[in-house]
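Q: Please model the complete structure; the sequences and the hints are all you need to start from.
Chains A and B supply the protein sequences, listed in that same order.
Under the numbering used here, the first residue of the first sequence carries the number 38, and numbering increases by one thereafter.
Under the numbering used here, the first residue of the second sequence carries the number 38, and numbering increases by one thereafter.
Source of the hints: derived by calculation from the structure; they are not laboratory data.
Since the model is a prediction, treat every value here as computed from it, not as a measurement.
One should not assume that every hint holds.
Identical copies carry no separate label here, and so any pair may be met within one copy or between two of them.
[What the hints assert, rightly or not] Heads up, simulated DSSO-like pairs for lysine-lysine below, C-alpha to C-alpha not over 27 angstroms straight-line: (1) Lys120 - Lys482; (2) Lys196 - Lys286; (3) Lys482 - Lys133; (4) Lys368 - Lys439; (5) Lys368 - Lys482; (6) Lys111 - Lys196; (7) Lys339 - Lys354; (8) Lys196 - Lys120.
Number of protein chains: 2
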Amino acid sequence: MYRDRIRHGGLRDKIITAEEAASFIRDGMTVGMSGFTRAGEAKAVPMALAARAQTDPLQITLLTGASLGNDLDKTLAEAHVLKRRMPFQSDPGLRKSINAGEVMFVDQHLSQTVEMLRTHQLPPVDIAIVEAAAITEEGGIVPTTSVGNSASFAILAPKVIVEINLTQPLLLEGIHDIYIPTRRPHRDPIPVVAPHSRAGLPYIPIPPEKIAGIVITEKLDSSARISPPDDGTRAIAGHLIDLLHHEVKQGRMGTDLRPLQAGIGSVANAVLHGLISSPFHDLTMYSEVLQDSTFDLFDSGKLLFASGSSITLSREKHDEVIANIGAYKPKLLLRPQEISNHPEVVRRLGVLCINTALEFDIYGNVNSTHVGGTQMMNGIGGSGDFARNGFLSIFVTKSIAKEGKVSSVVPMVSHVDHTEHDVGILITEQGLADLRGLAPRERAKLIIENCAHPDYRDRLADYYERAVSRGGHTPHVIEEALSWHRALAETGTMQSGAD
Amino acid sequence: MYRDRIRHGGLRDKIITAEEAASFIRDGMTVGMSGFTRAGEAKAVPMALAARAQTDPLQITLLTGASLGNDLDKTLAEAHVLKRRMPFQSDPGLRKSINAGEVMFVDQHLSQTVEMLRTHQLPPVDIAIVEAAAITEEGGIVPTTSVGNSASFAILAPKVIVEINLTQPLLLEGIHDIYIPTRRPHRDPIPVVAPHSRAGLPYIPIPPEKIAGIVITEKLDSSARISPPDDGTRAIAGHLIDLLHHEVKQGRMGTDLRPLQAGIGSVANAVLHGLISSPFHDLTMYSEVLQDSTFDLFDSGKLLFASGSSITLSREKHDEVIANIGAYKPKLLLRPQEISNHPEVVRRLGVLCINTALEFDIYGNVNSTHVGGTQMMNGIGGSGDFARNGFLSIFVTKSIAKEGKVSSVVPMVSHVDHTEHDVGILITEQGLADLRGLAPRERAKLIIENCAHPDYRDRLADYYERAVSRGGHTPHVIEEALSWHRALAETGTMQSGAD
Numbered sequence: 038m039y040r041d042r043i044r045h046g047g048l049r050d051k052i053i054t055a056e057e058a059a060s061f062i063r064d065g066m067t068v069g070m071s072g073f074t075r076a077g078e079a080k081a082v083p084m085a086l087a088a089r090a091q092t093d094p095l096q097i098t099l100l101t102g103a104s105l106g107n108d109l110d111k112t113l114a115e116a117h118v119l120k121r122r123m124p125f126q127s128d129p130g131l132r133k134s135i136n137a138g139e140v141m142f143v144d145q146h147l148s149q150t151v152e153m154l155r156t157h158q159l160p161p162v163d164i165a166i167v168e169a170a171a172i173t174e175e176g177g178i179v180p181t182t183s184v185g186n187s188a189s190f191a192i193l194a195p196k197v198i199v200e201i202n203l204t205q206p207l208l209l210e211g212i213h214d215i216y217i218p219t220r221r222p223h224r225d226p227i228p229v230v231a232p233h234s235r236a237g238l239p240y241i242p243i244p245p246e247k248i249a250g251i252v253i254t255e256k257l258d259s260s261a262r263i264s265p266p267d268d269g270t271r272a273i274a275g276h277l278i279d280l281l282h283h284e285v286k287q288g289r290m291g292t293d294l295r296p297l298q299a300g301i302g303s304v305a306n307a308v309l310h311g312l313i314s315s316p317f318h319d320l321t322m323y324s325e326v327l328q329d330s331t332f333d334l335f336d337s338g339k340l341l342f343a344s345g346s347s348i349t350l351s352r353e354k355h356d357e358v359i360a361n362i363g364a365y366k367p368k369l370l371l372r373p374q375e376i377s378n379h380p381e382v383v384r385r386l387g388v389l390c391i392n393t394a395l396e397f398d399i400y401g402n403v404n405s406t407h408v409g410g411t412q413m414m415n416g417i418g419g420s421g422d423f424a425r426n427g428f429l430s431i432f433v434t435k436s437i438a439k440e441g442k443v444s445s446v447v448p449m450v451s452h453v454d455h456t457e458h459d460v461g462i463l464i465t466e467q468g469l470a471d472l473r474g475l476a477p478r479e480r481a482k483l484i485i486e487n488c489a490h491p492d493y494r495d496r497l498a499d500y501y502e503r504a505v506s507r508g509g510h511t512p513h514v515i516e517e518a519l520s521w522h523r524a525l526a527e528t529g530t531m532q533s534g535a536d
Numbered sequence: 038m039y040r041d042r043i044r045h046g047g048l049r050d051k052i053i054t055a056e057e058a059a060s061f062i063r064d065g066m067t068v069g070m071s072g073f074t075r076a077g078e079a080k081a082v083p084m085a086l087a088a089r090a091q092t093d094p095l096q097i098t099l100l101t102g103a104s105l106g107n108d109l110d111k112t113l114a115e116a117h118v119l120k121r122r123m124p125f126q127s128d129p130g131l132r133k134s135i136n137a138g139e140v141m142f143v144d145q146h147l148s149q150t151v152e153m154l155r156t157h158q159l160p161p162v163d164i165a166i167v168e169a170a171a172i173t174e175e176g177g178i179v180p181t182t183s184v185g186n187s188a189s190f191a192i193l194a195p196k197v198i199v200e201i202n203l204t205q206p207l208l209l210e211g212i213h214d215i216y217i218p219t220r221r222p223h224r225d226p227i228p229v230v231a232p233h234s235r236a237g238l239p240y241i242p243i244p245p246e247k248i249a250g251i252v253i254t255e256k257l258d259s260s261a262r263i264s265p266p267d268d269g270t271r272a273i274a275g276h277l278i279d280l281l282h283h284e285v286k287q288g289r290m291g292t293d294l295r296p297l298q299a300g301i302g303s304v305a306n307a308v309l310h311g312l313i314s315s316p317f318h319d320l321t322m323y324s325e326v327l328q329d330s331t332f333d334l335f336d337s338g339k340l341l342f343a344s345g346s347s348i349t350l351s352r353e354k355h356d357e358v359i360a361n362i363g364a365y366k367p368k369l370l371l372r373p374q375e376i377s378n379h380p381e382v383v384r385r386l387g388v389l390c391i392n393t394a395l396e397f398d399i400y401g402n403v404n405s406t407h408v409g410g411t412q413m414m415n416g417i418g419g420s421g422d423f424a425r426n427g428f429l430s431i432f433v434t435k436s437i438a439k440e441g442k443v444s445s446v447v448p449m450v451s452h453v454d455h456t457e458h459d460v461g462i463l464i465t466e467q468g469l470a471d472l473r474g475l476a477p478r479e480r481a482k483l484i485i486e487n488c489a490h491p492d493y494r495d496r497l498a499d500y501y502e503r504a505v506s507r508g509g510h511t512p513h514v515i516e517e518a519l520s521w522h523r524a525l526a527e528t529g530t531m532q533s534g535a536d
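A: Next comes the structure, spelled out in structure tokens:
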């Protein structure tokens, strides 16, 4: 049974139930689990763990690649299994527990978690649970639709549980490139010099005796939750395409642009879609998550190669891609997130980085995580890895939210994830502010004029003028700087104004 | 004349006066000048330029490595020569002009300026002015006490002026390692795998015909402005040494620690001094600026090798080092700041990074630049290059300033240069907060208890409790978050309290 999926003969008698596997997990343990942007997460064992906690309460520290699908984070949070969670999540249920202070959430740059594990700066992973398409003859683990942190979790943990997911096509084998940086202080340069560079193995190499159990599953990845492009996101995409034309004209890049990175979500997806009808061609991607737009770009003939750490698709696109996976395979690589997001590689390749802001301020500081400065949305994810190190750092957002009650452009952001030093271009549906080489006072004028919604523009200009009258490199009316957020908290809208 | 200093025969007739050289600079030009942490800056030509501006007003964009000595920034600002200045400064006179909005200051990560120049994302350098100890037979420029951005300025500019400084010892030749990353998209890994790795040439290679003039100078570098260790900085050093013992005990590093980086200033200098009497040995440095403490560590036998981008010393230490430069030389390398600060190398080597905060908040966000959120002090410098990418990011500051009127620990920083994601350890004379792997609520308790001054601790704890009662991942009383800064602005002290 499962001879094609479990090719190491000695491991076939390790098949156990999810419940048996979950019983290996004890209260207080640190568990490292596969899963990145709702792709390739272990599915059966965490569900069994949540079920078990109903009668046998326990709490763990859960590390993953990034967000999980199949409502796993919600289910685990509701079962009170999560004591500590890192480095990213995007689940409304878990979010509630985090903001209530019930789950200690550690929001990290996605490239850094395993670096900290490897150097014992985080508690060691007691057990790794990794979804796989297959186990090779040697006992190597072939991941599925994501790599995330799975490789290092499996390598560092003393005990590994493998979930063989029969719905994940065996043709995924060969799509992964598992390279782990050598140990410091004698670390070699990471041998990735192009999006298509292959540096490692197509499987996670671990001693087969570490595999404590194999669970067979048949649950699909969750589908991507992407809204289709609308007028706003199309306008943002249009401004971005204009910018790229300008960059090519200025001789800063060729018509093949630079390797592209796009954050997850509808805006970034719409922006990539905008490239399909652009004159740019021979494109490449060096990104975290490969969404529908990546495959649409392949289909349009615009995209030559895409490197990522996961594939997260809508249901329709998923079926289409899986049916043709053999054709896409030579143009795809999935890497550990430490490598897909590594500052060394991102800067070497000169990646063009497009990430989504929750809000930004008139000086170009970006908040990508905290609503009202206090409530965690998802986490910083890989945006910092890319924005700091890329060729050009672009942040996009619609200029207003909540039917206009919230302005995404504010006097001062209520939380900073990306400082003005790491923000080159800001785009809303209103327009684009090119901040490169500008001082804060110059940035403010551009941002207010080009990016703010007309309903808020005059109040921002008024704030800025009064701030400038007080002087300073980054002028502020300090007692009023967060008054828009105060108004939002107290009255539910920024519109009434608190100035 | 000057045969030992100008060894390329054809260049000896290029000797001109500083006034003649300054006349090459025209209104509106972008000038790239040597100089990093008050070391190795061009001295005569900028002075002549400031003098000329008295009768012949002109304005330029001035790029340097980092800060300049000899009151140059002050003199240029007072002569209204500076329209735009980047990427760093530390001059009280220029600071005044920046905060008045007269000089547009662009505060950048020090590793990034030449990357932006090279890709035409900043206006091109029209003329480079570089201090040199000598010009080689081939016309290569041998820098003096700093490399900074000099190499790329000279390589990218169509015209170069060289200031041969006769007070800079010829023995400096051989101390520099000029490596320039290859052009993207086909960039090779940077071949620096240890602090002592030599990757390039001992001079800046440019075609000699680009040298438009050579000016002979005899002005010394300015001395470092370092206060001697006091009780506060000694206590900070003590906490840091305790931490290092703990790290060694935990198996996170050996007794040779990790390559050390320390920001400029009295606190960082005191911290490095603290290592002299520690049991750690066979140390290395991979830093920006090498201060007195580097040479004291050499003299104590603790330090094996130091890589930096400049040498900035007190007068006494300067005389001592220069007198023995031959003995220190095999243990020293000066690199372009793009390489000394490069994310790729900093992360590969796993640098232990110690930088100074102006203030930090109860969640671990750090402000290193803006007094009261508006007034620029110096700039972010290289702190972001190191803090983001090192093995461990440590920020140090005294818990209070201005005789206790200012708390360095605040509810919310008034400006963010380093987000909580990039801050591992906070140290004041009161104690140390180890923030690794902790959620914001956990961080707050540690920071308040361990780092805040007793005079402010209760008020911080009270703020935190009221914030928590409102909930959130990063709890805040948003309308009060900046009230300490408001009180400071309005009453001159945070003591009276605004809560």
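Q: Compare the structure with each hint and give your call.
A: Here is what the structure says about each hint:
1. Lys120 - Lys482: Classified as between: cross-chain Cα gap 18 angstroms, same-chain 45 angstroms, threshold 27 angstroms.
2. Lys196 - Lys286: between (55 angstroms within a copy, 25 angstroms between copies)
3. Lys482 - Lys133: Between copies only: 22 angstroms across, 37 angstroms inside.
4. Lys368 - Lys439: neither (40 angstroms within a copy, 61 angstroms between copies)
5. Lys368 - Lys482: neither (43 angstroms within a copy, 49 angstroms between copies)
6. Lys111 - Lys196: Only inside one copy: Lys111 and Lys196 sit 25 angstroms apart there, 63 angstroms across copies, limit 27 angstroms.
7. Lys339 - Lys354: This pair counts as within: shortest intra-copy Cα distance 18 angstroms, inter-copy 61 angstroms.
8. Lys196 - Lys120: Within one copy, since 21 angstroms is at most 27 angstroms while 62 angstroms is not.
Violated hints, listed in ascending order, are 4, 5; each of the other numbered hints is respected by the structure.
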